[in-house]
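> Take a look at the letters that make up each chain.
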Amino acid sequence: MAVLRAERTPARSAPLSETSVLGWLRKNLFSSWINIILTIVSIYIIYITVTGLWVWGVTDAVWVAKDRRDCFDISIDGACWAGVIVWLDNFFYGRYPRAELWRVNLGGLLLFLWMAPLWLPRVKDKIFIGLTTVFLYPFLAGYFFAGGDKGLFMQVMISLAIVALIGQTLHAIIGVSSGRGLPEYLIRLLGKEEASEARQRHTLLAILAGALVVAFVGQMGWSFVGVSWTKWGGMFLTLVISGIGIASALPLGIILALGRRSKLPVIRVLSTAFIELFRSVPLITVLFMATTMFPLFMPEGFVLNKLVQVIIAVCLFSGCYMAETVRAGLQAIPHGQYEAAHTVGLGYWGTMGLVVMPQALKHMIPNIVGSFIGLLKDTTLVSIIGLFDVLGMLRAVSQDIPWRGLHKEPLIFGAVLFFVICFAMSKYSRHLEVKLSAGDNR
Amino acid sequence: MASVDEQETQTQLASAASSEVIIEFDKVNKWYGDFHVLKDIDLVVHKGERIVVCGPSGSGKSTLIRCVNRLEEHQQGTIIVDDMTLDKNLKNIDHIRSEVGMVFQSFNLFPHLTIIENLTLGPIWVRKIPKVEALEAAMLYLERVKIPEQANKYPGQLSGGQQQRVAIARSLCMNPKIMLFDEPTSALDPEMIKEVLDVMVELAATGMTMIVVSHEMGFAKTVADRVMFMDEGEIVEQNEPHEFFNHPQHDRTKLFLSQILHQ
Ligand SMILES: Nc1ncnc2c1ncn2[C@@H]1O[C@H](COP(=O)(O)OP(=O)(O)OP(=O)(O)O)[C@@H](O)[C@H]1O
Ligand SMILES: [Mg+2]
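Chains as they are written, first to last, in the numbering used here: chain G, 843 to 1284; chain R, 106 to 368.
Note that these hints are calculated values from the structure, not bench results. Accuracy of the hints is not assured; some may be wrong.
[Stated by the list, open to error] Chain R regions said to be covered by chain G (calculated; three or more residues, Cβ under 8 Å):
hint: 1; segment: 139-152
hint: 2; segment: 214-220
hint: 3; segment: 224-233
It should be emphasised that the depicted structure is a prediction, and the values quoted were computed from it without experimental measurement. Glycine included, C-beta positions come from ideal geometry on N, C-alpha and C.
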């Protein structure tokens, strides 16, 4: 017996309890007596805190004053944001000479310019751009920040960095507008499409060499006043330390993780010991070790400045954590992928670099961003060993004579600042994860 | 599965086997821990020969063919592939592997690369062929496996049958001298099995040396020069397909054949 439906059933709207605000409230907040009481108590607590904060932080707050006493005179129980505002530059730049601040800003801006092509859809060779970001950008930015005399090595690296920046920016522009790359474009510009591949490569190398010479000569006549690292501070210093830590964490982590999985016992044991040593010690201990013990092992008269010691310590520490993240990512790759790579004749490095790592890195993004956020926050520990990073600066306000005793406001400001940065990073990682898994229809 | 009689009418591909030996196993033994997987394997494969290997699960078929491109190492005996002895002293495993193509049951395409990138990876990075030439060659092979239009998709966007044909094309791009197939159709839905087998039959017609682990008896009858039955790590019986299916000698073979034919 067949039963057929003559007409289609039209879609009806959901019951009110599912869609209306009132229905939602009733279902979730007022479903039973206990629930009602909890709801009312919670609302009351939230009301008190929020209004209290609002009155203290906004309505009764003092925004302009010349010192803390002045603040009290204007409003005794409001926040004294005036102190925070006066110190704002210090929070961001430490004691960096005010006339040279533009160098810090420009150096930071350069990073955005450098990495912008990575976000553009049609640009090719993003791996190359990523590599220059890690290996060349720091030299250029470093010179912007530190200034002073350039040694020959710095001059070469700066020239390379300038050429890389200009080259990849052009590459990105050409890529977005035509989907081609810079080398292809240059070859067409010179009318050498017909030439053999070797000839084309020679032409490109000649252009590269020419550009390097021009950049080298150009940078010789250009120099900045030196700014000692002791003047660096605030958020700028925090970002420099954690930025270098982050940039070196991934390469170091990959090397250590591969070492830990190596078939050679010596390499495996050394990598494992190294990773476990650093992971079992808190960062603050590593920092103390680096600044007090490290000099003992160094040859007589060899003085590393404290900042370099701290940066080395942070790099090793974050590298070891990253190694474990990378290892977990590697474990997620099925064995069949290694075998398939072997059967097309790829050796160890080819298999890792072309097949396994690209897939593993994709799995690892949430964890990588997580450890970056962790590192950014952990970096504030350097204030304990006497560097004036952002936390150091936030606490220094209360030592300043006009603002003596002003603790709360700067720290609240710092908390909000960190929250904004870290929250943005974690949101972005979430977005990246969704985007990457959308392209991966396994 | 079609019965043996029905297959009788199928025309068999002319043999392409030459007298030149390309693979030689001499008293090969292999253990996984205490477990003896391969027992005194003797095997000679001539250039252009096509061998189908069958046998119950766990009998060591996969292990046998994986020894050919040294995805597995054996412990005793000698294996010579293309005049190279596979042993601990072998310097150039990657070279042997690039001479021997392999197709897996689970395709094992690289999910992060497009189809065309899957095909050109080996030629560009191992054979160091210029990119343009590698792309051209890859397109030719994609046409041979009849999916040129999928070149820029990702493996996850293809059906199983299409993925397996890409896997075959990926191996062919390396211009291998030998092709190994490990149950290439057993992860596929029935309607896709034929499209993969068709590609394999065409490949056989070009004179490629092939060792195929498969229970597709129709395929064995059309293509194989020799069918080999393995059980418990031994080669129990091998014969040309007509004899093998119609007059199996060994009881174990008879039992096995009756099982797979009456599924
Ligand atoms: N890496 C390994 N370690 C230990 N034992 C293994 C390993 N690989 C395979 N074996 C065992 O070796 C035996 C032979 O395995 P093999 O994969 O060669 O069988 P097969 O004939 O291909 O079977 P199937 O038809 O199920 O694929 C099986 O009993 C299996 O459990
Ligand atoms: Mg098997």
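> All hints, please: hold or fail.
Results for each hint:
| no. | hint | result |
| --- | --- | --- |
| 1 | 139-152 | violated (count 0) |
| 2 | 214-220 | holds (count 4) |
| 3 | 224-233 | holds (count 5) |
Checked against the numbered hints above, the structure breaks only hint 1 and satisfies the rest.
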